[in-house]
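Assemble the whole structure, with the sequences as input and the hints as a guide.
Chain by chain, the residues:
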Amino acid sequence: MRISLGFQKLDGHPLNASDDSPAVETIPDDESIYICSTFLDCDPDVLLRMERTLAPDELSRAAKFHLIRDRNRYIASRGILRELLATCLDKNPRDLEFVYGPTGKPSLRDSDQPTPRLQFNVSHSHGLAVFAIARDRNLGIDVEFIRPGFEGERIAERYFSAREVEELRRLPAEERTEGFFNCWTRKEAYIKADGNGLQIPLNSFGIALAPGVPARFLQGVPDKWHLACPTAPGGYVSALVYDGPSCEILQITVDHAVEKHTSRILN
Amino acid sequence: MSQELSSQLAPAYSVITASPVDPPLAQAPGRAQIEAELVRTWQDLLQVEQVGVNDDFFDLGGDSILGTRLMTAIQEKFQQRFELSRLFTHSTISALAGELLAARRTSAVHIVPMHPEGTRPPLFCMHCATGHVLRYRALVSHLDSDVPVYGLRAPDVHELKGFPTVEELAELYVEDIRRIQPYGPYQVCGFSFGGIVALEVAHRLQTMGETVSLLVLLDSINPAHYQNLSFLQTLHMRSTYLRDRVSTYGRNVVFGKWKQLYADVAEFFWWRAKEFAWKLRKNTSRLPKKMGTSAVQETVVMFATAGEAFKPKPYQGRIVLIRSEKRPRFSDEKALGWEGVARDGIEVCTVPGDHFSVLEEPDVAGLATALNGLLKKNAVQA
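If you read the protein sequences in the order shown, they are chains Y and G. For the first sequence, our numbering gives the first residue as 2, with consecutive numbering after it. For the second sequence, our numbering gives the first residue as 1031, with consecutive numbering after it.
No wet-lab data here; the hints were simulated from the structure. None of the values given here were measured: they were computed from a predicted structure. Where a beta carbon is used, it is the ideal one built from N, C-alpha and C, also for glycine. Any given hint might turn out to be false.
To be verified - Derived DEER-like restraints, expressed as beta-carbon distance ranges:
(1) Tyr-101/Y x Glu-1147/G: 29 to 37 Å
(2) Arg-1116/G x Ala-211/Y: 26 to 34 Å
(3) Glu-1391/G x Arg-164/Y: 50 to 58 Å
(4) Ala-1395/G x Ala-211/Y: 54 to 62 Å
(5) Glu-1147/G x Asp-46/Y: 51 to 59 Å
(6) Glu-167/Y x Ala-1395/G: 43 to 51 Å
Said to hold, decoys possible - Sample of chain G residues with no beta-carbon within 12 Å of chain Y, all distances over it, derived:
(7) Gly-1082
(8) Phe-1088
(9) Glu-1113
(10) Asp-1374
(11) Glu-1391
This is the structure we're talking about:
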């Protein structure tokens, strides 16, 4: 199975051949980052095809999950990641090999790497996965399901900076949960982009978190890092952090049987 | 369908809560208890019924946000701080329990968990001049069982860089206290010399921005106060003390308790001789290396000397002094010299017994009742 990729710019307009913008290559160029968000619950036959592309270590990891739902989501997320990367590299998804860093972050084996290197990052929450792919730059992406009624105040007190806690408290009650998750995803995306696990204390840097306010770093983050908030399906928030020269963020739509017969079967 | 499917395909896990080979850790919750508690926490957080000690947090559906809630739960249940970043490398219950146990063993070396169970804020008891906390045993057995009690024992002599001051001891203890209870409000107390240390510990916690909700001195005197008495006051104190000694010895003579008389007098002279010897050595040998084993046995004198050199700093709070009824040498001073040290004043509570019997049966019951009352009142105010 090959997936067909459709592209649209971050502002939501599909890219047509008639558009003035440059034609999208299958592999991201130096000035673009591909991001893709997709639900992970999918038809059994699709899942089976994806499972066949996984490496033995991924399959044994999948076998460790407690819930079938979680196992299937893991298979789907790895399957889609392989599809995406294989499409970019024009290879067979099954032939890709991942190597893992000390914090478990996967990257492509050197012999699969084009020059400049392809970097990617994945995050998933509550059945939704987001992928970010770029070349020659560090990047981190995070998505979180906005758990309704989640009481984040104590977590905020411990993990957010004083300024963020104050900003969160100033928000009207109905916006506080979203504000909390905005802050969390943006922080996590930065931590992931930096690549040193959670070694950077989460309360050592500040970001803007209020819903409807442009996302940006406020303090404590080196200038080279940029923050963007890709649109996410309703009920989710996501954040992307990357370094390097300014670039265009292209949202990829994945066209496969995923998303069509989702939760009905396995939830 | 999903239910059916999961029951067919999911591996069967049983709730394994304990590794039977682990010996129980003296008094502190052992591995079995920690694991059982973590299993319950994971079941709650992850909404999974069956959790085994070797299951991975992230395999059970955990993520970093749930991780933060696990850290909060660990702090509440075990009064231990665990960094979120370490969950990624210790993501099974068995690994977490091992880390929690190891942290407790290696980091808070001066902590003696005398009664670590309980849901109310913990009470920290500083060692007296003996350096150990065994004297508190009877007291702890009388305290309300839902108050966790931790003792602070003195460092081993090789840890000390020369002769310790109260300030140096307090610095060590504050660090360990914060490993057990990361944030205030704190409750600290100490018997005799321990009260002096407790005051310095409380002072240090306050300078760190923490609140101290209860500071109790158990029959401690303020040595600085007694060193600065006027000639008349000194004379008065000495005569009171002498009167007490003479009447004690006299009573022994009258009732023919020769053994007791001999023991009392011997102790009187032994103590003074040791004190003199210590002071002499302290002035002649400044290198800790020269502190031989004979000096180690004289911990009491060492700490008493440290206490005598201590000058209390103004304390931004209230001191509670629970004193024994019979404290002959200082009996005419109700507050044992502590007036004016605390900004919010001193509350004195007198309980039956003398300086030594106050921690022993049966007199200890009176002390425990007073302390229980204070702890309860403190809980209500908080």
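Against the structure, the hints come out as follows:
Our hint of 29 to 37 Å for Tyr-101/Y and Glu-1147/G is violated, since their Cβ atoms are close to 42 Å apart. For Arg-1116/G and Ala-211/Y, the Cβ-Cβ distance of about 32 Å falls inside the hinted range of 26 to 34 Å, so the restraint holds. Between Glu-1391/G and Arg-164/Y the beta carbon distance is about 56 Å. The supplied range of 50 to 58 Å therefore holds. The hint said 54 to 62 Å for the Cβ distance between Ala-1395/G and Ala-211/Y, and at roughly 59 Å that hint holds.
Remark: the range hint 51 to 59 Å for Glu-1147/G to Asp-46/Y is upheld by a beta-carbon distance near 55 Å. Our hint of 43 to 51 Å for Glu-167/Y and Ala-1395/G holds, since their Cβ atoms are close to 50 Å apart. Distance check for Gly-1082/G against chain Y: the nearest CB is about 9 Å away, which does not clear 12 Å, and the non-interface claim fails. Its closest Cβ contact with chain Y, about 9 Å, brings Phe-1088/G to no more than 12 Å, contrary to its assignment away from the interface.
With a least beta-carbon separation of about 8 Å from chain Y, Glu-1113/G fails to lie farther than 12 Å from that chain, contradicting its non-interface assignment. The Cβ of Asp-1374/G sits about 28 Å from the closest Cβ of chain Y, beyond the 12 Å cut-off, so the non-interface label holds. For Glu-1391/G, the condition that its CB be more than 12 Å from all CB atoms of chain Y holds, with the nearest at approximately 44 Å.
Of the numbered hints given earlier, the model fails hints 1, 7, 8, 9; all others are met.
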